[in-house]
Amino acid sequence: MKIIACYSNKGGVGKTASAVNLAYAYAQSGARTLLCDLDPQGASGFYFRVKPSKKLKEAKFFEDVERFTKAIRGSDYEYLDVLPANLTFRDFDIFLSRMKNSRSRLKKALKAVDGDYDVILLDCPPNLSSLSEAVFKAADHVVVPVIPSTLTERTFAQLVSFFEEQGLQAKKLKPFFSMVQSRKSLHGETMERMRKSYKGKFLETQLPFSTDVERMGVHREPTMAFAGNRPAGKAYRALWHELEKRT
Amino acid sequence: MSNSLLSCSEPLLPTDWPNLSKGLVAHVDADQETAKFVLLDCFDQSIRQSGRLLFESGGQLTLVQPDGVPVSQTAERSGNFVADLADGPVKARLADVDPLRCLLNLGEGEIDQQQVKLVDDEEKTHLRVQVLTFSTVDRATSLISLDPVRGYGKSLKLVRKKLAERGATEAAPRQIMDVLFPELHAYVAKPKLEYSQETTAYCAANRIISAYLSVARQNEAGTLADFDTEFLHDYRVALRKIRSVLSLFKGVYGAAATQDLKQRFSDLMAPTGPLRDLDVYLLERDYYFDMLPANLHEGLRLMFATFEADRSAVLADLTKRLKSAAYKREMADLEATFVPPGECIHGALGGLSVGDYAQKLIWKRYRKVSKIAAKIDDQTPDEEVHELRISCKKLRYLIEFFALQFDAAEIKALLKPLKRLQDNLGLFNDYSVQQESLQALISSGRLKGKTALMAAQSIGALISILHGRQLEERARVVQSFARFDSPETRERFRQMFHEKGPQL
Ligand SMILES: Nc1ncnc2c1ncn2[C@@H]1O[C@H](COP(=O)(O)OP(=O)(O)O)[C@@H](O)[C@H]1O
Ligand SMILES: [Mg+2]
Chain A
2 MKIIACYSNK
12 GGVGKTASAV
22 NLAYAYAQSG
32 ARTLLCDLDP
42 QGASGFYFRV
52 KPSKKLKEAK
62 FFEDVERFTK
72 AIRGSDYEYL
82 DVLPANLTFR
92 DFDIFLSRMK
102 NSRSRLKKAL
112 KAVDGDYDVI
122 LLDCPPNLSS
132 LSEAVFKAAD
142 HVVVPVIPST
152 LTERTFAQLV
162 SFFEEQGLQA
172 KKLKPFFSMV
182 QSRKSLHGET
192 MERMRKSYKG
202 KFLETQLPFS
212 TDVERMGVHR
222 EPTMAFAGNR
232 PAGKAYRALW
242 HELEKRT
Chain B
16 MSNSLLSCSE
26 PLLPTDWPNL
36 SKGLVAHVDA
46 DQETAKFVLL
56 DCFDQSIRQS
66 GRLLFESGGQ
76 LTLVQPDGVP
86 VSQTAERSGN
96 FVADLADGPV
106 KARLADVDPL
116 RCLLNLGEGE
126 IDQQQVKLVD
136 DEEKTHLRVQ
146 VLTFSTVDRA
156 TSLISLDPVR
166 GYGKSLKLVR
176 KKLAERGATE
186 AAPRQIMDVL
196 FPELHAYVAK
206 PKLEYSQETT
216 AYCAANRIIS
226 AYLSVARQNE
236 AGTLADFDTE
246 FLHDYRVALR
256 KIRSVLSLFK
266 GVYGAAATQD
276 LKQRFSDLMA
286 PTGPLRDLDV
296 YLLERDYYFD
306 MLPANLHEGL
316 RLMFATFEAD
326 RSAVLADLTK
336 RLKSAAYKRE
346 MADLEATFVP
356 PGECIHGALG
366 GLSVGDYAQK
376 LIWKRYRKVS
386 KIAAKIDDQT
396 PDEEVHELRI
406 SCKKLRYLIE
416 FFALQFDAAE
426 IKALLKPLKR
436 LQDNLGLFND
446 YSVQQESLQA
456 LISSGRLKGK
466 TALMAAQSIG
476 ALISILHGRQ
486 LEERARVVQS
496 FARFDSPETR
506 ERFRQMFHEK
516 GPQL
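Protein chains in written order, with the numbering used here: chain A, 2 to 248; chain B, 16 to 519.
Only true hints are included.
For lysine-lysine, the following DSSO-like pairs were computed, each having C-alpha atoms within a straight-line distance of at most 30 Å:
#, chain 1, residue 1, chain 2, residue 2
1, A, 235, A, 185
2, A, 71, B, 169
3, B, 139, A, 52
4, A, 52, B, 169
Since the hints were derived computationally from the structure, they do not count as laboratory data.
Pulled out of the complex, with its shape left as it was, chain A reads as follows:
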């Protein structure tokens, strides 16, 4: 089982969009996939039409493994389940450590309900907190959408130095350029500069700025499901493919 986090210390950069599409891509490839919506806003659950679970708000539910597994909802796609938003940080921390530990009660419980997963995707909220530290420790990959602008260039630099300061494995970071507008020369220049200074770090795939991503909210489906053969859909598939190759 591997854990992939979609993370950025900045909001609105395409974390949720990539988490939703990557989860879909993994499930399509036959991997049993769980998408965990860790952002209280509940955007990824929304894209899969899954309503937030009320029961989950109760504080100590993680001590009750069965209740946790009951909160998981099957999506409308084969092999893809969703854990709707509402985790408190404490719960989440326990969740991650239990998912990592192959002998944990949580993993056993998931197995028992026929939901042992090959891939767990985390859609993270945008902050650098003790929550994100837990994510960085648990995840095998931290996928970071980076909009090629001067501002995000700085936020990404902050993230890299945070990793260094905390002694975290910087090689887990898998940044990719998001919302790329090829007409903007600034985008081109920024990408060239960043690829040079972070040699080999950035994924090759660039996600174009596309209404097909925005329209996920209208369709309430991943871009790949309704526009799989259009540029954005293809780019998400390429992103998945590249991620698979790098593991």
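Given chain A, put chain B with the ligands in place with the hints provided.
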């Protein structure tokens, strides 16, 4: 997550759904036209017996598994054996079907399929339902399989409740066959015969013979249609068992009657021999090719071409015979003879009770097996090994005829070592018979012209390999019998058939 399966004798219509799914919206994707379906199973209905249902419709094969989960694949196939199906999920799940048995069309009708998705106000699917409505001229039934989505158990419960109110009940796939084709009984190759304590040996013999006559008759149509080789095989086994009864139940019928009946059953068997021999070869085809190196394969191909040509001719002969008025008259005559109580002449021992008689017979046969075996060492001529094989077979038949008279676990404990011994003896015999008839094929002069030499070479190589295998099996016989002849087995035979009275 496993499906659950319901059935409803009042067919479920697409328009029923709004009432079955309160709070949810049903998206129904129903067939526009009814399609034909063909129910498939082997002659022994092994698919139905294992709790499954297989049917073909619109170019698709669908297997409904015991838990109700249907799987489908293309129905395209090169023949009607499971091995002939295109690779796919249905074929993979039918791996347990006897490879010698072909799939038959056991019934037909019309089928309507509905795929239903029950969604909430945000169009999120809570439950998927597949409804298959099967109908024949005078019957109909719906098979409803519920495919729940994780985390939406409430909706599943609700729909189940509504369906139950609508008359649906928990179902097994095989029920479809019970409902649609109630007259379709499974073929049983070994009828289970039970006798009361008052049954006389004479009546028991009649019952056995009449049961196996019926087995033979049930195999006539399949033999004629040449569906698979098991029909003829079972036909022959049934007749062979009858002959065994006649010779084993000595004194039950009068001597003259016994003699006459044995002759009549031999006459029925005789015309089936050549076809069975060829079937055995053709079934072994792959095995023969595996035994020989590639440079001898051409000769094998020639040999099998000869066998195939022979088989058509021999099948035509047998077909003529089975269709003849004389044959039908003879079978009807025999059936009438053995209809209990039967009109056969009572022999001296016919009046014994079946329990006593069974014990006597089995004990006697067991002693005989032991006696023959005692003389066999590594030097004993093959004829005596064959005699042991035949005696074991008779012992096995006897135990099986009377199995229900004794404790089932005890019988099982006896049959297990016996079967193992028989496997060894059977292989020994097969290898020797095959060598003989291959030898006969070479000497027959039937292989002519340039190809003859090539075929003869391959056959020669085959014979020497078979000879080697026969020797290997022969070398095992003594040890094999020793294993069968354990103190426990001896004790068991003695207790069951020699000491106690009948156990009923
Ligand atoms: N490649 C893209 N092209 C155009 N719009 C995008 C793209 N990626 C994301 N968006 C849009 O930007 C907004 C923020 O994206 P989202 O994935 O929710 O970001 P985050 O999770 O990082 O806050 C959403 O409205 C989304 O539809
Ligand atoms: Mg988000």
